[in-house]
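For what it's worth, the numbering used here labels the leading residue of the sequence shown as 160, then goes sequentially.
Quick caveat, the hints were computed from the structure, so don't treat them as lab data. Check the hints yourself; a few may be wrong.
[Stated by the list, open to error] DSS-like, lysine-lysine: derived pairs with alpha carbons at most 30 Å apart:
(1) Lys-255 x Lys-190
(2) Lys-309 x Lys-269
(3) Lys-300 x Lys-269
(4) Lys-309 x Lys-298
(5) Lys-244 x Lys-190
(6) Lys-298 x Lys-269
(7) Lys-244 x Lys-228
(8) Lys-244 x Lys-262
(9) Lys-262 x Lys-163
(10) Lys-262 x Lys-298
(11) Lys-163 x Lys-244
(12) Lys-244 x Lys-300
(13) Lys-309 x Lys-228
(14) Lys-244 x Lys-269
(15) Lys-269 x Lys-190
(16) Lys-269 x Lys-255
(17) Lys-269 x Lys-228
(18) Lys-262 x Lys-309
(19) Lys-228 x Lys-298
(20) Lys-309 x Lys-190
(21) Lys-309 x Lys-255
(22) Lys-228 x Lys-190
(23) Lys-298 x Lys-244
[Unchecked claim] Here are the computed distance ranges between Cβ atoms for each label pair:
(24) Ser-291 x Asp-161: 14 to 24 Å
(25) Asp-176 x Lys-298: 28 to 38 Å
(26) Asp-184 x Leu-214: 32 to 42 Å
(27) Phe-227 x Ser-291: 29 to 39 Å
(28) Glu-318 x Ser-291: 28 to 38 Å
(29) Asp-288 x Ile-183: 12 to 22 Å
(30) Asp-264 x Glu-187: 35 to 45 Å
(31) Asp-288 x Asp-184: 29 to 39 Å
Just so you know, even glycine gets a beta-carbon here, dropped at the ideal spot from N, CA and C.
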Amino acid sequence: MDSKGLLLRLTLDALRDAGVFTNIDNFEGRKNVQKSLYLLQENRLPYGYFFGWYLRGPYSSGLANDYFKVAEDQSDRYTKLAKDKTLSESIRDKIKQLVSLLKSDNWQLKDQLEAAASARFIMVSESRDAQSSVAELRKRKPGLPFDEGKVLACLNSLEPVSDARGNGHSGQQDTP
Numbered sequence: 160m161d162s163k164g165l166l167l168r169l170t171l172d173a174l175r176d177a178g179v180f181t182n183i184d185n186f187e188g189r190k191n192v193q194k195s196l197y198l199l200q201e202n203r204l205p206y207g208y209f210f211g212w213y214l215r216g217p218y219s220s221g222l223a224n225d226y227f228k229v230a231e232d233q234s235d236r237y238t239k240l241a242k243d244k245t246l247s248e249s250i251r252d253k254i255k256q257l258v259s260l261l262k263s264d265n266w267q268l269k270d271q272l273e274a275a276a277s278a279r280f281i282m283v284s285e286s287r288d289a290q291s292s293v294a295e296l297r298k299r300k301p302g303l304p305f306d307e308g309k310v311l312a313c314l315n316s317l318e319p320v321s322d323a324r325g326n327g328h329s330g331q332q333d334t335p
């Protein structure tokens, strides 16, 4: 497993530990991984995936390929490689912050992730502010239930769009 695969594996474990369903054998798990990694990458984490717009918001075929490779590599080799490796404190904190911002008693986390990632993609790709991105999201996905206040809080916690280049950020990124 290469360093990118190891970073992805450690991130999936941290997301799961934070309460995000990440089972890639299930559509909802794969969707949660896509949306979580997009939002984390938008917060200057070093994943390096290209995301485009699909029916359920931002999607990366490169990420899909990588998480299937990571899932297949559950051998002793992975166990030995990952044994002494952990994510940096700043990455773990950003994962916890993302999940805590979007968790709600009244809304499902999977919908919150989809809404926040989709609204952020609209912000970046269309140079909008958070409020107008959420309004546009409501037009594009009228059946998607989400807590607007929590999604706005998540969007406002991310790096400013003016720092973004396409669907990632320039400048220094956190390292594992």
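request  = Hint by hint, work out which the structure violates, then give me just those numbers in ascending order.
outcome  = 12, 13, 19, 23, 24, 26, 28, 29, 30
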